[in-house]
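Q: What follows is each chain in one-letter form.
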Amino acid sequence: MNVAGIPLKNPLILCSGVLGISSALFARLEKAGMGGIVTKSISLRPTEGYPPPTVVPVAGGVLNAMGLPNPGVDAFLEEVGEASLSIPLIISVFGTDAKEVAAMVDRVSPYCDAVELNLSCPHAGGLLAIGQNPCLVRSVVASAARAATVPVVAKLTPNVTDITEIGKAAEEGGADAVSAINTVRGMAIDIHQAYPVLSNVSGGLSGPAVKPIGMKCVWDLAGAIEIPIIGIGGISSGGDVVEYLMAGASAVELGTCLGSGGIEQVTAIRDGLDAWCSARHTTYEALSRSVRDKF
Amino acid sequence: MRDLVVRAVVPEAPGVVTLRFDEDLGALPGQFGMFWLAGVGQRPMSFSFSDGITVKAVGPVSQALSSLGVGDRLSVDGPLGRPFSIEGSSALLVGGGFGVAPLRFLAERCNEEGMDVRTLLGFRCKDDVFFEHELARFGDVYVATEDGSCGERGLVTCLFSAVSGTYDRAYTCGPERMMAAVRDALGGAIPLQVSLERYMKCGRGLCGSCEMDGLLVCKDGPVFDAAQLGPSFGTAKRDKTGRRVPL
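Sequences listed follow chains A and B, in order.
Number 272 in numbering that gives the first Met the number 0 belongs to position 273 of the first sequence; there are no gaps in the numbering.
Number 26 in numbering that gives the first Met the number 0 belongs to position 27 of the second sequence; there are no gaps in the numbering.
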């Protein structure tokens, strides 16, 4: 299948921030049934991220504030060089302004099948400021699109009043697709130690609890923009994928379910999705928007 | 996260204490928890008892943990990870330095299963030795120190000749190069399980910090069959940025 020029093997893509640090893990995820890979978000310089606790299990999912740890673009591209994949590799990048993002896109484009712009990490102050502002989103995406020789995906935050406004800005800036949603801002306090659990105090919520939020964002975006939408948020079964496709997604990204279910969960999700499609004599492409277009 | 209260503090050696908690966490030998002290930090620690850990004051978190007193509170995410698989009727345990801590718990369970347990312990010097008597409750114990101040002089592998014979299983925990030497010394004659340690941001199979050759130490391990491990064993790890660096 082809989504915005990205030749996916199936609609399941590893989301950014989860496991996408090692060429050996890319290979293991491909073998488990992933249709594409988004790497960790990569920056110009190495970043250690926040000290643990960075991940806290909560009802319905997990809260995290990793702080975008990554080895920096030079070391990461060496790692990518060791990978031999037959599924598309999408490198997630971030930077503090349009110029830096464009430089990153220019640097990584030769090594990947697409780039995803992290415009929206809820626990990296400056980034969220880009992702919440349609003017900044338009200009950052435009700079990235000019620098890119591969398709550009803009990852959107749900931490805004109206996500369609941001989606339209990304489309106007020249994004080939959008992915939504990033995590939902949240926090937790340990009442016995009387202290916030995350070292960064607050972070982002993911997992089954955010699925209805992601669904609504995808549904609204599908009514507002023409470019393909990659749905993200709380997917842990083949049925969840079907639901996102019906709402208007062309593909989906998986993350938190790999922590609870292990990498083997990818196989279960793919098999569930394929069983659904074959039982109803339908295809991934035909499922996409099949409910959205009734409205 | 689970909230714990320290029920007992047992000094084991200079700078080494065991903390016993008010609650049995149902941990299995080889499993770990992400132990957290507010305002200090969080780190993975192996269980040395089903309701306790043994701590050596090294970094900020272990220092703060080792200065806790009875009645103090802490939190843990866990037990996590794959435990040792306890099989067969005889076991050889090989521990080095602080890696001896989880082997105490393993020896106890092997003993409860009626297995014949022999334990080899390696330390730098006499002052570092701990759990020697505790482990002797579950089977014969042989000690080596690098300076010869206790037991044989030399590395733990020098004790192998004293315990030659056949064992159904071998288990090792300690410095990774020592464990690699144990693997080489056994030469595959006995199925060997090793317990590994890596920097972990999450402990839950999400961040990838602890990845080695496609395996996640937090979720696929921390206990691995030696035969599962790739070239990173004993040679490479990832730093806090995720970059692969020499061990």
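The hints are simulated quantities; they were obtained by calculation from the structure and are not laboratory data.
Some hints here could point you the wrong way.
As the list claims (entries may be wrong) - Listed below are several chain B residues computed to face chain A (Cβ distance under 7 Å; list not exhaustive): (1) 41; (2) 70; (3) 72; (4) 159; (5) 205; (6) 241.
Stated by the list, open to error - Cross-link-like lysine-lysine pairs, in silico, DSSO-like; alpha carbons within 27 Å at most: (7) A:30 / B:236; (8) A:30 / B:55; (9) B:55 / B:236.
Even for Gly, the Cβ is constructed at its ideal location relative to N, Cα and C.
Q: Of the hints given before, which are not true for this structure?
A: 2, 4 and 8
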